[in-house]
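In the order they appear, the protein sequences are chains A and B. Okay, so the first sequence: first residue is 0 according to numbering that gives the first Met the number 0, each after it adds one. Okay, so the second sequence: first residue is 0 according to numbering that gives the first Met the number 0, each after it adds one.
To be clear, the hints were calculated from the coordinates, so they are not data collected in a lab. Keep in mind the model is a prediction, meaning the values are calculated, not measured. Glycine included, each C-beta is placed from N, C-alpha and C at the ideal position. Hints are all accurate, no fakes.
Listed next, the stretches of chain B that the computed footprint assigns to chain A, with coverage defined by at least 3 CB atoms under 8 Å from CB atoms of chain A:
1. 188–197
2. 228–237
3. 315–329
4. 358–364
2 protein chains.
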Amino acid sequence: MAIERGCKMTLMDEARKGRITPEIERVARDEGIKPEKLARLVAEGKVVIPRNVRREDIVPRGIGKFMSTKINANVGTSREYICIEEEIEKVRVAEKYGADAIMDLSTGGDLDRIRKELMNHTKLPFGTVPIYQSAMEKDAVVNMTSDDMFNTVRKHAEDGVDFMTIHAGVNLNSLERLKNSERILDVVSRGGAFLIGWMIHNGEDNPFYREFDYLLEILKEYDVTISLGDGMRPGCINDASDRAKFMEFIILGELTRRAREAGVQAMVEGPGHVPLDEVEISVTSMKKITDEAPLYLLGPLVTDIAPGYDHIVGAIGGAVAGMHGADFICMVTPSEHLALPGVDHIREGVIITKIAAHVADTVKEGQRERARELDRQMAIARKELNWERQFELAIDRERAEEIWHGRKSRTKACSMCGDICAIQLVKSALNKS
Amino acid sequence: MAIERGCKMTLMDEARKGRITPEIERVARDEGIKPEKLARLVAEGKVVIPRNVRREDIVPRGIGKFMSTKINANVGTSREYICIEEEIEKVRVAEKYGADAIMDLSTGGDLDRIRKELMNHTKLPFGTVPIYQSAMEKDAVVNMTSDDMFNTVRKHAEDGVDFMTIHAGVNLNSLERLKNSERILDVVSRGGAFLIGWMIHNGEDNPFYREFDYLLEILKEYDVTISLGDGMRPGCINDASDRAKFMEFIILGELTRRAREAGVQAMVEGPGHVPLDEVEISVTSMKKITDEAPLYLLGPLVTDIAPGYDHIVGAIGGAVAGMHGADFICMVTPSEHLALPGVDHIREGVIITKIAAHVADTVKEGQRERARELDRQMAIARKELNWERQFELAIDRERAEEIWHGRKSRTKACSMCGDICAIQLVKSALNKS
Numbered sequence: 000m001a002i003e004r005g006c007k008m009t010l011m012d013e014a015r016k017g018r019i020t021p022e023i024e025r026v027a028r029d030e031g032i033k034p035e036k037l038a039r040l041v042a043e044g045k046v047v048i049p050r051n052v053r054r055e056d057i058v059p060r061g062i063g064k065f066m067s068t069k070i071n072a073n074v075g076t077s078r079e080y081i082c083i084e085e086e087i088e089k090v091r092v093a094e095k096y097g098a099d100a101i102m103d104l105s106t107g108g109d110l111d112r113i114r115k116e117l118m119n120h121t122k123l124p125f126g127t128v129p130i131y132q133s134a135m136e137k138d139a140v141v142n143m144t145s146d147d148m149f150n151t152v153r154k155h156a157e158d159g160v161d162f163m164t165i166h167a168g169v170n171l172n173s174l175e176r177l178k179n180s181e182r183i184l185d186v187v188s189r190g191g192a193f194l195i196g197w198m199i200h201n202g203e204d205n206p207f208y209r210e211f212d213y214l215l216e217i218l219k220e221y222d223v224t225i226s227l228g229d230g231m232r233p234g235c236i237n238d239a240s241d242r243a244k245f246m247e248f249i250i251l252g253e254l255t256r257r258a259r260e261a262g263v264q265a266m267v268e269g270p271g272h273v274p275l276d277e278v279e280i281s282v283t284s285m286k287k288i289t290d291e292a293p294l295y296l297l298g299p300l301v302t303d304i305a306p307g308y309d310h311i312v313g314a315i316g317g318a319v320a321g322m323h324g325a326d327f328i329c330m331v332t333p334s335e336h337l338a339l340p341g342v343d344h345i346r347e348g349v350i351i352t353k354i355a356a357h358v359a360d361t362v363k364e365g366q367r368e369r370a371r372e373l374d375r376q377m378a379i380a381r382k383e384l385n386w387e388r389q390f391e392l393a394i395d396r397e398r399a400e401e402i403w404h405g406r407k408s409r410t411k412a413c414s415m416c417g418d419i420c421a422i423q424l425v426k427s428a429l430n431k432s
Numbered sequence: 000m001a002i003e004r005g006c007k008m009t010l011m012d013e014a015r016k017g018r019i020t021p022e023i024e025r026v027a028r029d030e031g032i033k034p035e036k037l038a039r040l041v042a043e044g045k046v047v048i049p050r051n052v053r054r055e056d057i058v059p060r061g062i063g064k065f066m067s068t069k070i071n072a073n074v075g076t077s078r079e080y081i082c083i084e085e086e087i088e089k090v091r092v093a094e095k096y097g098a099d100a101i102m103d104l105s106t107g108g109d110l111d112r113i114r115k116e117l118m119n120h121t122k123l124p125f126g127t128v129p130i131y132q133s134a135m136e137k138d139a140v141v142n143m144t145s146d147d148m149f150n151t152v153r154k155h156a157e158d159g160v161d162f163m164t165i166h167a168g169v170n171l172n173s174l175e176r177l178k179n180s181e182r183i184l185d186v187v188s189r190g191g192a193f194l195i196g197w198m199i200h201n202g203e204d205n206p207f208y209r210e211f212d213y214l215l216e217i218l219k220e221y222d223v224t225i226s227l228g229d230g231m232r233p234g235c236i237n238d239a240s241d242r243a244k245f246m247e248f249i250i251l252g253e254l255t256r257r258a259r260e261a262g263v264q265a266m267v268e269g270p271g272h273v274p275l276d277e278v279e280i281s282v283t284s285m286k287k288i289t290d291e292a293p294l295y296l297l298g299p300l301v302t303d304i305a306p307g308y309d310h311i312v313g314a315i316g317g318a319v320a321g322m323h324g325a326d327f328i329c330m331v332t333p334s335e336h337l338a339l340p341g342v343d344h345i346r347e348g349v350i351i352t353k354i355a356a357h358v359a360d361t362v363k364e365g366q367r368e369r370a371r372e373l374d375r376q377m378a379i380a381r382k383e384l385n386w387e388r389q390f391e392l393a394i395d396r397e398r399a400e401e402i403w404h405g406r407k408s409r410t411k412a413c414s415m416c417g418d419i420c421a422i423q424l425v426k427s428a429l430n431k432s
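This is chain A alone, in the form it adopts within the complex:
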C-alpha cells in the first residue's frame, strides 16, 4: 500500500480520532475557535487545513465553516513571460499584503525549478495545477498519457505541494451537458480545456475521474488536499449557472464524498462569472450538493465589461459570495482577461480581495464579532481624529498615509472639512447641551 511508504495517517484521520494535532491547535488559536470543535469540522470535511507531510515550516490555514474567509494569490510564468525573480517577488508581495495561500500556475520555463524556488520563498500553504505541467511537457496536449498525468501529481506531492487543483469533474457526463448547452464561451478553464481536448481526441473518459481512487491513493500518501477544479465554469455572465456547470457540481459532490471516505481533505472550486442576483443561489446550492465542502471561488465576476478593473468586479462578487458561505476566494488582478499580471497588479489584487474577505467576515457566522471589532476600533480612532491609530488599523497603511499626507490639513481633521469637521462640531454641540 502506498500509505505505508509515506503518511501513516492523514490530518483528517487524526481529527477523526479526536487528536489535536499542532496544525489544528494553531488554526484554532488563529480563528478563535475551540480545538475540539475544529477537529470535528476537519473530521467531517467541513474545514480543510492543507499541509503536505513533506512540507516543513508551513503556517497552516483553516479553510471552511466558521473560519475567516481566506484568499489565494496566483503567481507563475506564462509561455511568453518567464522570469523567476519576478515570480519570487510576486510571492513576497502577496504574502506581505495578506494572502493566505499561494498557487503556482506556471506554464513556461523550467517548471520543476520554478515550483521549488517559489515554495522555498513562502511558508503559506502552496498549491499547483499538475495538469498544466503534464500538458506542457508534451508536443501537443492530446499526447499526454494517463501515466503522465498521475506521475506529475506524484511529483508535485513529493515536492511538498499542499493542495492541488484537479479537474476530476470534467467527464463524459458533464461534457455531454456542455455539448447540449447554449454557451457563448464554451470553456475558459485552462485545465478543463486540456482535459476536454484530450478526451475528445482520445475518445476516453478523463483519467482523473475514471481512476479517482488511484488519484486519492497518491494524495493520501502525502496528505495532499484535493481542490476539485471548476473545469466547466462559465466564462461570462450569460453562460452562468447552466446545466453543464450544475452537472459538474453533482460529480464534484460525489467525488468529495469519496475523498472524505478515503481520509483525503477536499475542497470544491466554483465559478467564475455569475450575475449578482445568482451569487446566493450559486453558493448555497454548491454548499448543499457537496455537503458543506469548503468552497473555493474564482471571483465571482459579476460583469464582463470592465477589463482593467476585474479585481474590483471580483471584490463585489467575492464579498457577496462570502456573505452566503464562500470560504476561500482567489485573488483577481487588474490584468485579468488582458495579460499576465506583474508584481504591482498582484499587490493590488491581493489588497482588494482582502477587503472583500473582511467584508464577508463582518457578516459571517463565527467571524462576525472578531471582524467587526476592527471596524469598531477604526470608528473610535475616527471619532478621536487619531490618525496614527487609523493608519495602524488600515488594510493598506501605506496608501492611506500617502493620500492623507498628499493633502494635509492645518487642522486636526482632514483636508475635506478642516475646521468644519462634522465629528468635532457635533461632539462639542452635544456636550454643551
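Since the structure of chain A is provided, determine the placement of chain B on it from the hints.
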C-alpha cells in the same frame, strides 16, 4: 404667489396632466421606456428628472423606478484647498467617465463664482447643498438666521441649480433619538452637523423642517428637485440602521409626500455606512417608508477599515444596494476619510462607481436586458479574440488597452495563456468532434 413669478407648472404638474415634455421624451428614449409610462412615474414621484427652469442646455437624466442606475460626482473646494481650475477639470473628467450628475460641495473661496463657473462647464444636472454656503458666510455656523438659510436656497435656485440637498429630516424628534442612541460617531453629515449645532445653540427646531412649505414654494418657483438629506446617517458600520436613522427616514417619508403634493420632485438620500447583510433591509425599508421615492445613496460603505480604498468598498455596497432598488449612487473616491480628492481620484471614483451601477443594472427590473446585452457583446468579442471590439465595449478603454499593450502576446490570445488559450483549444476540439 411665488409660482406666478417663475415656473407656471413644474415638470411633475405637467406629467400629471399627461403631457410629454421634451425632458420626458428624451429620458424615455435614453432609458428604452414608453414616454407615457415615464410620465406616469414622474407624476407619481417614483422617477425624478432634475431640471431648474432657468437652466439651459441641460441633458436631463431620469432617476428612479425602471431607470438605469445613475451616479453622481461630488466636486468642490475645501476651506484649505481652493483652485477653480482644478474643480473645473474635475467636472470635465467626471463627465467624460460617465457621471450622470455633478454636485458642487465647495466650502472655500468665492462660493457664488465657483458655483456659476462649474455650472457653465457641464450639461449634466447640477446639485448643491445650500446650507454649506449659509454656514460659511457667517463667523460661526450657529449665527446663521433662518432667513440666511432660505435666501441661499433662493440664490442657488435663481442661479439654475437643478437639485439641492436639504437636511429637513434633522428635527427635534430625530435629534432626541440621536441623543438616546449608542453611536460611536454621532453625526458625520456636514449639513446635519451644522443644523444640529444650530438647533442646540438656538434652542429651536430646524427651519427647513418647521417652514417646509415655504421651502417648497421657493423650490417650486424654479422647479428645483429636493434631495432630502441624510443628516442622521451612520458614520461607521457599528452605528448603522439605528433608531435615529429610522426616525429620520420616517420624517423624510412624510416630507416626500408633502413635496409630491406641492408638485415638487423629491428624492431621498440614504446611508452611508451599512454592513453588507443590512443593505437589503436598509434599501427596501427606505423604499417602503417613502412610497418608492427615488433613492440616492452615499455608498453604502460596508467596512470601515479600508481608507484609501473606500471607492471599492462603496462599489461593493453600491452594487448590492442597486440590486435591491437604489436608484442614484454617489461616487466615493480613494480620498474618502483622508483628504479632499484631486482630479485623478475623481476619475477613479467615477469609473468604479459606474461599474457598480452597471452591475446593478444587469439584475434590475427594466434595465436588465439592455445592460446584459453589453456583457453578451463582450463575451462574443472574447470568444473571437477580437481585441479592438473588447476595448470598444470596456468601461475604461484606455486602461484596458494599456494593460494589454504592456505585456502583449505574440499570439492572437493574451499573454496569460498565449498558444494554450482555453477558448481556442475547446473551440477546435468541439469542432473536430
